[in-house]
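Protein sequences appear in the order of chains U and G. Quick note: the first sequence uses our numbering, first residue 1, plus one each step. Quick note: the second sequence uses our numbering, first residue 1001, plus one each step.
Honestly, the hints are just simulated from the structure, not real lab data. It is possible that part of the hints are untrue.
[What the hints assert, rightly or not] Derived CB-CB ranges, DEER-like: (1) G/1064 / U/14: 25 to 31 Å; (2) G/1058 / U/54: 26 to 32 Å; (3) G/1022 / U/57: 32 to 38 Å.
[Claimed, not checked] From the structure, some residues in chain U lie toward chain G, with a derived Cβ separation under 10 Å: (4) 17; (5) 31; (6) 37; (7) 45; (8) 69.
Note that beta-carbon positions come from the ideal geometry of N, C-alpha and C, so glycine has one too.
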Amino acid sequence: GIQVEQSPPDLILQEGANSTLRCNFSDSVNNLQWFHQNPWGQLINLFYIPSGTKQNGRLSATTVATERYSLLYISSSQTTDSGVYFCAVGENAGNMLTFGGGTRLMVKP
Amino acid sequence: NAGVMQNPRHLVRRRGQEARLRCSPMKGHSHVYWYRQLPEEGLKFMVYLQKENIIDESGMPKERFSAEFPKEGPSILRIQQVVRGDSAAYFCASSPPNAYNEQFFGPGTRLTVL
């Protein structure tokens, strides 16, 4: 099956800093989503972005499907951004999502 | 428009008991997915259902686990004779009836097996 790798695995930022999270995948995809799992365990949809670029406030994402990667940008980070960020992809052959291992982000005040 | 609903949010069972987890998809969504998150791990796909049909159960353990999505009512994930290794967070997601749509996740059910 498809492989999804996220980097870095852990990231510590000072409040106000910017960061870029990366997601590499091993095959063509028809679906790519970014999620934030907050400290209470809830999964928050950030972006549905199988290709192209989207922005939502301080967050933006870019997926280059032909090169099999996606980037999540967080600008002016806040302590509430702490948690784990997951990238998940759907292969052309099915509807299931395959999740990466996540990037654990801690934003310090 | 309410999001995906899951209940209970927390469930404690003793080894050998049965666990029933419920999921109500978003209004207008007819596709339901179950995922499991073991402690300190990412989420792994278990099963994909449409009304009255199991479409893909390639991620389901071969024994003790079953899922259904009846014509009326919520989707149910059933775990018989639970063991400590079943302790995990179980997430349900739903999507609209077109192919390859965005999946929306519920808050999860945290199962603890004593």
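Hint check results:
| no. | hint | verdict |
| --- | --- | --- |
| 1 | G/1064 / U/14: 25 to 31 Å | violated, 47 Å |
| 2 | G/1058 / U/54: 26 to 32 Å | holds, 30 Å |
| 3 | G/1022 / U/57: 32 to 38 Å | holds, 33 Å |
| 4 | 17 | violated, 25 Å |
| 5 | 31 | holds, 5 Å |
| 6 | 37 | holds, 9 Å |
| 7 | 45 | holds, 6 Å |
| 8 | 69 | violated, 18 Å |
Comparing the model with each numbered hint stated earlier shows that hints 1, 4, 8 do not hold.
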